[in-house]
Amino acid sequence: MAQPVQARVRAVLKQNALLRADIEGLADDADLYAAGLTSHATVNLMLALEEAFDIEFPDRLLRRRTFSSVNAIAQSLDEIGLHKVAA
Amino acid sequence: MISPLAAARAVGVEIAARHADDVDARARFPMEAITALKDCRLLGIMVPESDGGAGAGIAEVASICHALGRSCASTAMIYAMHQIQVACIVHHAVKNPWHRTFMKRLAGDQLLLGSATSEAGVGGDLRSSICAIEEKDGRFSLTKQAPVISYGADCDGILVTARRTPQSPASDQVIVVVPREGYTLEQKSGWDALGMRGTCSNGYRLDTTGGMEQVIPVPFADVSAQTMLPVSHLVWSALWLGIATDAVTRARAYVRSEAKRTHGSVSDGSWRLAEAASLLQLMKSNVVAALRQYEVAMGSEDRLTALPFAVAMNNLKTGSSQLAVQVIHQAMLVCGLAGYRNDTAFSLGRHLRDAHSAALMINNDRILAKTAQLLVALREDQGLLE
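Line order of the protein sequences matches chains X and R. Residue numbering for the first sequence follows the numbering used here, starting at 1 and increasing by one per position. Residue numbering for the second sequence follows the numbering used here, starting at 1 and increasing by one per position.
To be clear, the hints were calculated from the coordinates, so they are not data collected in a lab. Fair warning: there could be bad hints in the mix.
Among the chain X residues that face chain R by a calculated CB cut under 8 Å, a handful are [claimed, not checked]:
1. Q6
2. R8
3. R10
4. S39
5. V43
6. M46
7. A52
8. F53
9. I55
10. E56
11. D59
12. R63
13. N71
14. A74
Quick reminder that beta carbons are idealized off the backbone N, C-alpha and C, glycines included.
Throw the hints in and build the complete structure from the sequences for me.
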């Protein structure tokens with residue numbers, strides 16, 4: 001499977017209509033804030049991701065950079081996953 | 001050489017306090033105090049020493065705002081708003097040649113900076129813009145309908161927010177520095193308000209052009225989250241604390257004068273003095289703790305954009321703004337009619353009116369709603385000394 005996490009993140013962004021721009025037209029490293037993601041919407045995005053991936057974001061990851069691109073989100077999810085295994 | 005804080009205290013006591021009632025009555029710019037602050041070279045203190053400033057930090061600036069707030073809230077607010085703009089440039093653009101030159105000029109000529117962040121039609125949301133930077137051949141033009149530009153007529157430069165391009169969404173903003181020679185203001189509304197009357201927060205149509213290098217290179221979202229919001233809440237809270245402190249000083253003087261007059265018996269309302277002092281201590285602890293928190297987070301983008309930090313700064317603002325009014329109200333109950341009247345040494349009307357602005361400038365209801373949303377995301381609670 002090619003980039004399954006990225007594809008699932010894109011699905012969450014699309015379902016929740018959190019961007020003004022069309023996610024299809026954005027690269028995985030495109031700045032989501034420049035595409036219309038607001039700080040207000042970031043919390044909704046976090047909740048949607050927690051629901052979709054059945055994970056919890058620790059407070060230390062609740063910062064702007066975590067949600068700045070599809071890749072950044074995927075990386076954070078990866079980090080949470082790794083953390084879980086380690087724990 | 002006397003310290004910036006000592007100089008500010010002297011300006012507050014000797015100049016700002018003397019003109020405060022007239023500034024308030026006539027809703028005029030506190031020219032004497034601002035000129036004195038310029039003469040003491042206090043406008044450029046946040047500029048790095050290498051560029052002609054004093055390299056002062058937020059805590060020192062907040063101390064000055066507090067000192068000025070004890071004498072004239074309008075003067076303190078103008079000074080605070082100016083330093084918020086300076087902080088945005090110093091923290092986010094000081095490496096840019098254009099901004100560095102501007103900083104040197106600011107420190108050298110003691111320029112007073114204003115702010116055009118609010119805009120007609122966005123419902124008070126500073127993180128949304130309608131107007132946009134229109135670029136052509138490295139130059140930009142920008143027109144903004146600003147419902148408020150505090151002391152717009154008296155500043156030497158303005159920081160203006162706008163969408164990055166005419167195609168950008170409302171939230172994709174930049175902030176651009178425009179010196180006095182680069183803009184025109186057409187006054188659209190006046191400022192006859194309950195308090196903070198000397199800030200002369202008129203509404204204007206702002207037309208500006210300049211070079212693209214004047215745009216601060218990082219997104220306004222970052223400037224706002226890391227500097228403008230936290231610094232605003234810190235310096236505002238410090239000056240509100242200053243207003244409340246003077247109210248308690250007046251209440252204490254009233255109780256003392258009554259005790260002298262009645263040969264030692266304390267007046268009925270004097271227990272409220274203890275209550276006011278207790279609230280004041282709470283308020284001060286809040287401001288000092290938040291200043292420490294900001295200093296710890298300074299320089300770390302992750303810490304400055306972390307949700308717990310945003311929640312803490314929001315709480316500082318909503319908490320301080322409410323406490324200031326409560327403290328002054330208690331002080332007025334202590335002083336009774338002497339506090340209520342406008343013509344005694346214990347008058348507190350101006351303090352109370354000025355302090356009521358605190359809940360409105362960035363409305364507390366808006367901030368509380370945002371905080372509530374952030375709290376949904378947070379799970380962990382911090383320990384006592386963390």
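Could you tell me which of the numbered hints above are not met by this structure, giving the numbers in increasing order? Violated hints (numbers, rising): 1, 2, 3, 7, 8, 9, 13 and 14; every other hint is consistent with the structure.
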